[in-house]
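Undergrad: Next come the chains, spelled out residue by residue.
Number of protein chains: 2
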Amino acid sequence: MFAVTILGNNSALPTLDRHPTAQVVTCNDSLLLVDCGEGTQVQIARYKIRRSRLKYIFISHLHGDHYFGLIGLINTLSLLGRQDPLYLFGPPELEQILKLQMECAATSLQFEMHFTPLLPENQGIIVNDKDLQVSYFATRHRIPCYGFVFDMQKRKRRIVPEQARAYEIPAAYFSQLAEGADYQRKDGVLVKNDWVTLPPAPGKKYVYCADTMYTEELLPYAHQADLVYHETTYLHNLAERAAERYHSTSVQAATLAAKAEAKRLIIGHFSSKYTELTPFLEECRPVFPNTDLALEGATYII
Amino acid sequence: MFAVTILGNNSALPTLDRHPTAQVVTCNDSLLLVDCGEGTQVQIARYKIRRSRLKYIFISHLHGDHYFGLIGLINTLSLLGRQDPLYLFGPPELEQILKLQMECAATSLQFEMHFTPLLPENQGIIVNDKDLQVSYFATRHRIPCYGFVFDMQKRKRRIVPEQARAYEIPAAYFSQLAEGADYQRKDGVLVKNDWVTLPPAPGKKYVYCADTMYTEELLPYAHQADLVYHETTYLHNLAERAAERYHSTSVQAATLAAKAEAKRLIIGHFSSKYTELTPFLEECRPVFPNTDLALEGATYII
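Line order of the protein sequences matches chains Y and U.
Counting from 1 along the first sequence, just add 2 to a position and that's the residue number in the working numbering.
Counting from 1 along the second sequence, just add 2 to a position and that's the residue number in the working numbering.
For reference, chain Y alone in the conformation it holds in the complex (with noise of 0.2 Å):
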């Protein structure tokens, strides 16, 4: 299972409907959230998102639409008893306010932090689990600002089940085989595990690029992926407005999935001016057809 899960779409200026920006990304048993807006916790309770399995936080910058519910979730998930570590990758500057927060409320947590800071020097991989590989690339946008690549590396082998029977090998090996072992038959046959099975199936590649003005300097990270995350602040009238204020219209963030060669786009993080929606979708299906609006609550299968 590799899906994002909306929690908040929209920009600075929160809406009674529209919530700042923050994603879940599920990879098989572990969570990772990608930004935190204010009011992300109750958006979790909301679209019954289980807090237990959040392993992985993921603050692009600190503009307080990423990150001003970050400081509450972590309060509460001490406070609801949470005792597995939580690794949480920012701007320097996160740790410091954080800890800040925490001194001035006497709070001590109840599980491990391990914070690790985006710094534009180190850009590249930060997490490598047993099937998930994220990294992270500097987007441009007024204050530091990063965008993440989540790849889902199948790991296990496909078994090709003709080809294992015939060689007598029980299905209660097959997890085994799947992990990559060979076979040792009774009869003195050592079975390779390249005889019966096949290579993982490719992985898949989910980028999520955070707060940006338009730049080709995405192209790389976005090469070709699953899908690709991409703010429409604007319409493409306000193209000029957008770049003012580093944001990105509708037409942009089409036209870079386009030249990505990506296989799908979700597009958010729209101006809270804009009631109606579906005027973006107009906009970016021209060019990329294979675009859909983020939908606070919807799961999107990568």
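Each hint should be verified, as a subset may be incorrect.
Since the list gives no way to pick out one identical chain from another, each pair is judged satisfied if it fits inside one copy or across any two copies.
Claimed, not checked - The calculated DSS-like cross-link candidates involving lysine-lysine, where the alpha carbons are at most 30 Å apart (straight line), are:
{"no.": "1", "residue 1": "LYS101", "residue 2": "LYS275"}
{"no.": "2", "residue 1": "LYS132", "residue 2": "LYS206"}
{"no.": "3", "residue 1": "LYS57", "residue 2": "LYS275"}
{"no.": "4", "residue 1": "LYS158", "residue 2": "LYS265"}
{"no.": "5", "residue 1": "LYS275", "residue 2": "LYS50"}
{"no.": "6", "residue 1": "LYS275", "residue 2": "LYS158"}
{"no.": "7", "residue 1": "LYS206", "residue 2": "LYS261"}
{"no.": "8", "residue 1": "LYS158", "residue 2": "LYS188"}
{"no.": "9", "residue 1": "LYS194", "residue 2": "LYS158"}
Hints listed in this document are in silico derivations from the structure and should not be mistaken for laboratory results.
Only a predicted model underlies this, so the values are computations on that prediction, with no experimental measurement involved.
Dock chain U against chain Y, hints included.
TA: Coordinates of chain U only, in the frame set by chain Y:
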């Protein structure tokens, strides 16, 4: 108009239908925000509170459920183009936290923000407006925490219409009479103000007791208040837990109101473990009959 509107009545763990602490005190044309838990800016929008009239913000203490929504609200006011100064009161570290968060976001506010640190040694009057006085006092909590006394002073003298007419004072002059002016008649007679008016009606007092364990140290502040807000995190069977955590129970809040000879009590800061709130009323009313629940969205006239 002197009233309090509840925006959040829950304690630390938010639920889907109860928010962390925040209240708006209306004093004629001015709005005062008392505490500002996460999501308060959305509650302000939900209950159509006029943000432009917000003049003072008071933060009782630095537990997150009382201030995590503040930085987001301040940001939003700035994005919406506020120009009027904002007066903020809270523990001294609050200023440090806000400054750090604004620096990291490269935020420059579009309005002046005046911060007054609350310190145990300076307890007393912090606002002395034309019709409102606000003072603060220490409560007993795990970290420094303050309650607030809101005193609305009636400045206008009460006109006795039949007397005013007997002296042939035109109705157009009544507003000046209410301000205390004498009236010079064309025939040379000077009508002294106190011949035709009575002193202003007595003021009204609202006392916000913030988070606190039961302590009769609060009695002098709550004495004969028209309305007292006191926390009731727990029902009375959990009195021991309440004390351990520096919180209060239903019966304790009612006892305080009774001993203070208050006229009315509202209770809030309910633990999220309670889905039903009526047991709080059932425990309070035998001790202090004029008790009500602090319900979100409800306005209590003082």
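Undergrad: Could you tell me which of the hints above the structure violates, numbers in ascending order?
TA: 6
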